[in-house]
Amino acid sequence: MATETDAIGRLSRSEAHSAATPPTDSTSTPTTATPRDSDANNPPNRNGQRQNGRPSNTKKGDRGRGGKRTRDSVRGGKQDSKKDSQTDWRDRKRRKFDRNGGDSAKSEPSYMNIQFPEAEIAAEERRPKRKVAVLIGYSGTGYHGLQINHSLKTIEGDLFSAFVAAKAISKANADDPKKSSFVRCARTDKGVHAAGNMVSLKLIIEDPDIVQKINENLPPQIRVWGIQRTNNAFSCYASCDSRWYEYLMPSYCLLPPHPESFLGRKVSQSVKEKGLEDDYAKRMGDAKDYWDEVDKNYIQSILNRLEPSIRDAVKQRIHAPDRDMEEASTAEVDLTESSNKVDNDATDKIINKEAGSPVTDTETAKAIDVDDVKAAAKSTAEEAPDTQLGEQPKKELGPVEKALKEVKAAYIAAKRRYRVTSDRLEQLQEALDKYVGTKNYHNYTIQKSHGDPSSKRTIKSFVVNCEPIQINDTQWLSLKVHGQSFMMHQIRKMVGMAVLTVRCATPWSRFEESYSAARISIPKAPSLGLLLERPVFDTYNKRATDNLNLEELNFSIHEKEIQAFKEENIYRRIFELEEKENSFHLFFNQIDTFKSDYFLWVTAGGLETAKQREGPRESVPQELEAELGDEGEEAGGEEG
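Counting from 1 along the sequence shown, just add 1 to a position and that's the residue number in my numbering.
Derived by calculation from the structure, the hints in this document are not laboratory data.
Each residue gets a CB set at the ideal place from its N, CA and C atoms; glycine is no exception.
Honestly, I wouldn't trust all of these hints.
[To be verified] Using C-beta positions, here's what the derived DEER-type ranges look like:
| hint | residue 1 | residue 2 | range |
| --- | --- | --- | --- |
| 1 | D434 | A173 | 47 to 55 angstroms |
| 2 | G452 | S152 | 21 to 29 angstroms |
| 3 | E560 | K273 | 37 to 45 angstroms |
| 4 | P309 | Q430 | 18 to 26 angstroms |
| 5 | E514 | Q116 | 51 to 59 angstroms |
| 6 | E261 | N555 | 49 to 57 angstroms |
| 7 | L153 | E121 | 21 to 29 angstroms |
| 8 | A123 | N218 | 46 to 54 angstroms |
| 9 | N473 | K191 | 20 to 28 angstroms |
[Claimed, not checked] In silico DSSO-like pairs for lysine-lysine, Cα to Cα no more than 27 angstroms straight-line:
| hint | residue 1 | residue 2 |
| --- | --- | --- |
| 10 | K543 | K561 |
| 11 | K403 | K440 |
| 12 | K203 | K403 |
| 13 | K132 | K203 |
| 14 | K214 | K130 |
| 15 | K289 | K275 |
| 16 | K214 | K561 |
| 17 | K561 | K481 |
Turn these sequences into a full structure, and let the hints guide you.
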């Protein structure tokens, strides 16, 4: 993603250096003339001008030497005002850059500012630097994104430290990445992974084992695939033609909302009002009755065991938002293990099916051993810890809470047993096809207007793999998107939009409406499943081979190592975190159960039934900040 640091990195060396230099005392606290009584009610603006147009440090009637006001003096005043405005803009830019990791942090411990004694720097042998492209891959788990940040642990921080430790960057240049012309290709946010990404900079590469030495100084979740020489003017950010991203999600994301949830009732109600029952049933297919089968096979037997008063209380709360119910998450994790142990034969019958083979949704719901699930859910509901991070231990759960935990664990188990049908995959692909071409994606990012030219982006392809991946009890889908560049949250909102239209049988015309000036709220899918596959450098590669006598920048030559790394450090982490945290379940549960009209555009009623936000900066309910991506994030960034 292009950020403020990227923009400053594209300044000339002298400008970038001055932009990162902390202001001196004289600039941070400028001296001002003592105000006169007549100026007390007329304070100067940021350019030193008062409301009557006089500079704040001049007397009334002053017009320069001789008191004569000339055209040149007026023009000069305007030029000075323009310079002051530009200086003020640069000051704001500098302060913003320093907050994001500029040189003002040099006096404090920093991930990007490695200090050495002057004696060591003077004694170090000077060796030549070469402009190179460094091909990297990483798992973003545990890191605050890729980009430079002095105070937080980032991928670039560890990478820069490894360069210094391997002597690819001299001690004299270890205090500032800009000294090595450090540039990233595509920014990734907190928790987002990359099988292939790139940084370009000047490195000392005369050691033939330099790649190995750099990797020895990196954690296993960050790898350098290779280092290739480039021309001196190369910038991996400016030279990148397009990017490939992959998004992984459980196939149960395509299940419709439960008919008793808030969104499920609204969808059903709008279908009846518009007389579209037949079209809705056709779009839903076997998934239409999936939750009826689950309620009959799972939930009803749990409810039947409860006392009438407890049963009524549980029914009222079954379809309430449960994002903050960590006990359901814990019970869910244990449930998977327990249900596997109780009846391996019944479970293996489902899991060992060909992952891509079509099955019916009702068949999946019926195939689960009900007694096993009930026993496992009951066991985990009793054993799951009832404390949350940073809180005092809670009292023992009451009968209503225990029953709710058991019911919710059973619902999550049913979701994980879901096996997607070929018809649902075809509908998802039809939704993804709506993105291909150049569209206005102002609704798919934050703080962008429809009239902003940068809201238009080009998508070359967006494809779902027709062969799902089977991991334990959960079936996963792989979506790959190829585009020139992406705005902040754009990919995750594109996934959210496509999945919601399939889940709710939303008319396909809603995509074209989302590209219009109307402002609709599109939730962003969890960051857990997003990874940067690789950037593409077709234009540079042609020039490199034809004119520069240099090798192409191509990740395919490292395909074997990259694939092994993805399996071990990216895919495995994604699967394990979903098993532990239920990110996708919590995301769709919040969308389905939160009583709000923000997402009612998915219904047959269309945009007029949903709340349309007045502008790009309009606030949203706190409960929806995570879904809508407006949780205080800085505008202007990009995925890549």
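Outcome of the hint check:
1. Look at D434 against A173: about 54 angstroms separates their beta carbons, and that is inside 47 to 55 angstroms.
2. G452 and S152 have their C-beta atoms about 36 angstroms apart, which leaves the hinted 21 to 29 angstroms range violated.
3. Judged by the Cβ atoms, the range 37 to 45 angstroms given for E560 and K273 is violated: they are separated by roughly 52 angstroms.
4. Between P309 and Q430 the CB atoms are about 48 angstroms apart, so this pair departs from the stated range of 18 to 26 angstroms.
5. E514 and Q116 have their C-beta atoms about 55 angstroms apart, which keeps the hinted 51 to 59 angstroms range intact.
6. Distance hint check: the CB atoms of E261 and N555 are about 53 angstroms apart, consistent with the given range 49 to 57 angstroms.
7. Under the hint 21 to 29 angstroms, the C-beta atoms of L153 and E121, about 27 angstroms apart, fit the expected range.
8. For the pair A123 and N218, the beta carbons lie near 24 angstroms from each other, so the given range of 46 to 54 angstroms is not met.
9. For N473 and K191, the hinted distance range of 20 to 28 angstroms is satisfied, since their beta carbons lie about 26 angstroms from each other.
10. Between K543 and K561 the CA atoms are separated by roughly 24 angstroms; this keeps the pair inside 27 angstroms, and the hint holds.
11. With a C-alpha separation of about 49 angstroms, the suggested pair K403 and K440 falls outside the 27 angstroms cut-off, and the hint is violated.
12. With a C-alpha separation of about 60 angstroms, the suggested pair K203 and K403 falls outside the 27 angstroms cut-off, and the hint is violated.
13. Under the criterion of a C-alpha separation no larger than 27 angstroms, the hint pairing K132 with K203 is consistent with the structure, at around 4 angstroms.
14. Proposed proximity of K214 and K130 is supported: the alpha carbons are some 17 angstroms apart, at most 27 angstroms.
15. For the given pair, K289 sits about 18 angstroms from K275 by alpha-carbon distance, which is consistent with the 27 angstroms threshold.
16. Our distance criterion of 27 angstroms between C-alpha atoms is met by K214 and K561, whose separation comes to about 20 angstroms.
17. Of the pairs offered as hints, the one joining K561 and K481 holds, with about 19 angstroms between alpha carbons and a cut-off of 27 angstroms not exceeded.
Going down the numbered hints, you'll see the structure goes against 2, 3, 4, 8, 11 and 12, while the others check out.
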